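S.K.: Residue-level listing of the chains:
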Amino acid sequence: MSNTANSVVLVHGGFVDGSGWDGVYQILKKDGYDVTIVQNPTTSLADDVAFTKRAIAEAKSDVILVGHSYGGIVISGVADRLTDRIKRLVYVNAFVPLDGQCLNDMVPPHFVGLFDAVAAANKGAVMLPFEIWRDAFINDADLELAKSAFAKLNLHPYKTFTDKITLKHALAELPVGKSYVNCRQDIALPHSMPWHPRLSERLGLFRLVECDGSHEMFFSNPARLAQAIAEAGRD
Amino acid sequence: MSNTANSVVLVHGGFVDGSGWDGVYQILKKDGYDVTIVQNPTTSLADDVAFTKRAIAEAKSDVILVGHSYGGIVISGVADRLTDRIKRLVYVNAFVPLDGQCLNDMVPPHFVGLFDAVAAANKGAVMLPFEIWRDAFINDADLELAKSAFAKLNLHPYKTFTDKITLKHALAELPVGKSYVNCRQDIALPHSMPWHPRLSERLGLFRLVECDGSHEMFFSNPARLAQAIAEAGRD
Amino acid sequence: MSNTANSVVLVHGGFVDGSGWDGVYQILKKDGYDVTIVQNPTTSLADDVAFTKRAIAEAKSDVILVGHSYGGIVISGVADRLTDRIKRLVYVNAFVPLDGQCLNDMVPPHFVGLFDAVAAANKGAVMLPFEIWRDAFINDADLELAKSAFAKLNLHPYKTFTDKITLKHALAELPVGKSYVNCRQDIALPHSMPWHPRLSERLGLFRLVECDGSHEMFFSNPARLAQAIAEAGRD
Chain A
0 MSNTANSVVL VHGGFVDGSG WDGVYQILKK DGYDVTIVQN PTTSLADDVA
50 FTKRAIAEAK SDVILVGHSY GGIVISGVAD RLTDRIKRLV YVNAFVPLDG
100 QCLNDMVPPH FVGLFDAVAA ANKGAVMLPF EIWRDAFIND ADLELAKSAF
150 AKLNLHPYKT FTDKITLKHA LAELPVGKSY VNCRQDIALP HSMPWHPRLS
200 ERLGLFRLVE CDGSHEMFFS NPARLAQAIA EAGRD
Chain B
0 MSNTANSVVL VHGGFVDGSG WDGVYQILKK DGYDVTIVQN PTTSLADDVA
50 FTKRAIAEAK SDVILVGHSY GGIVISGVAD RLTDRIKRLV YVNAFVPLDG
100 QCLNDMVPPH FVGLFDAVAA ANKGAVMLPF EIWRDAFIND ADLELAKSAF
150 AKLNLHPYKT FTDKITLKHA LAELPVGKSY VNCRQDIALP HSMPWHPRLS
200 ERLGLFRLVE CDGSHEMFFS NPARLAQAIA EAGRD
Chain C
0 MSNTANSVVL VHGGFVDGSG WDGVYQILKK DGYDVTIVQN PTTSLADDVA
50 FTKRAIAEAK SDVILVGHSY GGIVISGVAD RLTDRIKRLV YVNAFVPLDG
100 QCLNDMVPPH FVGLFDAVAA ANKGAVMLPF EIWRDAFIND ADLELAKSAF
150 AKLNLHPYKT FTDKITLKHA LAELPVGKSY VNCRQDIALP HSMPWHPRLS
200 ERLGLFRLVE CDGSHEMFFS NPARLAQAIA EAGRD
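Residue numbers (numbering that gives the first Met the number 0), protein chains in the order written: chain A, 0 to 234; chain B, 0 to 234; chain C, 0 to 234.
Because the hints were derived from the structure by calculation, they are not lab data.
Check before you lean on any hint, since a few could be wrong.
Treat identical chains as interchangeable: a pair holds within one or across any two.
[Said to hold, decoys possible] In the EDC-like style, the derived pairs of lysine to aspartate or glutamate whose C-alpha atoms are separated by at most 16 Å in a straight line are:
1) K86 / E130
2) K86 / E230
3) K86 / D33
4) K86 / E57
5) K146 / D234
6) K86 / E172
Every value quoted in this text rests on a predicted model; they were computed, and no experiment measured them.
Chain A on its own, in the form it takes in the complex (with noise of 0.2 Å):
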């Protein structure tokens, strides 16, 4: 195929592993795309940015790396190390950072107290009760379909939203495209601190894509977000 960024790396977020994507992923490769779902290693940031990293250096052509919510803090790192092979970024209400932030220093404080709450009792693991998931990120799916996607949720190692990232470049100037996919209904983060424009407006000249939606729309409409994701990843 000629379209110079034809391959898709798909970055997780927290709580959910790779599998998440599988039905992006479907939609995707139906559509011409090659795709390669990441599974982090989930032990530290580093860890998750290294084995991206070399997810990269595997594909066929320029990518288009993806990341969500947690995983948005990834890909910023990878990019800040490897622009050559990287056509593009895109944010799918992910974090943005800034130089030395961790994805503890983009939430409110009371989401910070819950983590340490339960990471307290959970040997350092995080994971979200399922009355709040239910209502504030899968907030568009019937009850069925909630539980079945929090069922293949995971304790989450904290470690690595208390890492900080290290950029040496402002994500702004990367000679990369940026795109951020802003669900709508995303309420996973208050609306005094939203994904957008709060994160996305980190990125400088941004490419926005919008769909209605939750956090976790993967599950809840992968055909929707697939279009998304191609939108907001074309040249």
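Mind docking chains B and C on chain A? Use the hints.
M.R.: Quick look at chains B and C alone, frame taken from chain A:
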């Protein structure tokens, strides 16, 4: 039916009476819900709370309690006193009060001024001029529908807008689910004092459901609003 | 026809000339409107106001006067001088000026800096670099459409962006209807200085109509934009 919250109780806002819900009622009924339209007396806020409370007592199962606009204050008062029959509160671009607040405390000063003037000229009852209502309340309708819907409105006793609600508990602490339906082109309140997130965030953990439409969607698009209410009210 | 405002007059923004409206024109024409595309001289803001004013005088009935972007300043100036032939003003992600303001007063400082530099290098005419225009102005198009649309743009005399409008009346006080069409993925202006509600609220009572799309929807989705303009312009 096994649905634990199959009863929907619909509480109207100001100016419109219960018949405003007719379109939504028909659709929810067809979809298998046990639906009750409450026709509040509007003689005082306390009377409306008491009347709605009795309607819930008569429902066949646990209740999804839906309030529109002023009706949000009514359902808040009901839920504060009676949580055991309520499964979930659904606010449809509705006021979410703090303890001791009245409707006038949550609208911009120019509305209070307008209401004061209209009430003085109408023996203590308020109404909106058609010109304002057509562009700011039912902006998604054509003129014919706007006129026929406006013809159904009534003078509303102003006392209900100045009566203050007493809440023993913060709404966020009530042991019932909470959802907020945001009709996105609703400019009945100015964008500097919006329905969402200004009022919705008072619910604490809540499920956000959005749809395109004005403040009077039960007139202009009852099918879409009924769908949003169903998504907001489900378990 | 009995429609009292069956004439639509379309006023273009900066960089694009009147032909940008061609797609919208065809659809409104087919829907029975008497449509005029104004091709302003762009020699100065006063010239554009005078030229548009003459176009209105030639319309067959009262006019729905539509302005896009910079064109919002033009239609504001026209309406201030000539309300008897104008039924309603429709701003399509357009500038809504205060008395004495120019376009540069309503955009972020980095745009003014960019315009200054480009004008200095182009004998007083401005243009946008393709890279910025593609991601921030026509983010909803594919690359092919973005390129072909960009090829239709022209250097725009910078003087029109620094000429200040004189308004004898606050726009909110003018005895004509006002509507604002907000294309929701328009990030031509940053979210910290948005089109809506920052500029729309200057209209006082106005009708909000929204649709999904970028700043250049007349290129990327003229059918949807024509529908939005019709809903914004109707009685």
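S.K.: Compare the structure with each hint and give your call.
M.R.: Results of checking the hints against the structure:
no.	hint	verdict
1	K86 / E130	between (39 Å within a copy, 14 Å between copies)
2	K86 / E230	within (14 Å within a copy, 39 Å between copies)
3	K86 / D33	within (14 Å within a copy, 46 Å between copies)
4	K86 / E57	within (15 Å within a copy, 51 Å between copies)
5	K146 / D234	between (37 Å within a copy, 11 Å between copies)
6	K86 / E172	within (14 Å within a copy, 48 Å between copies)
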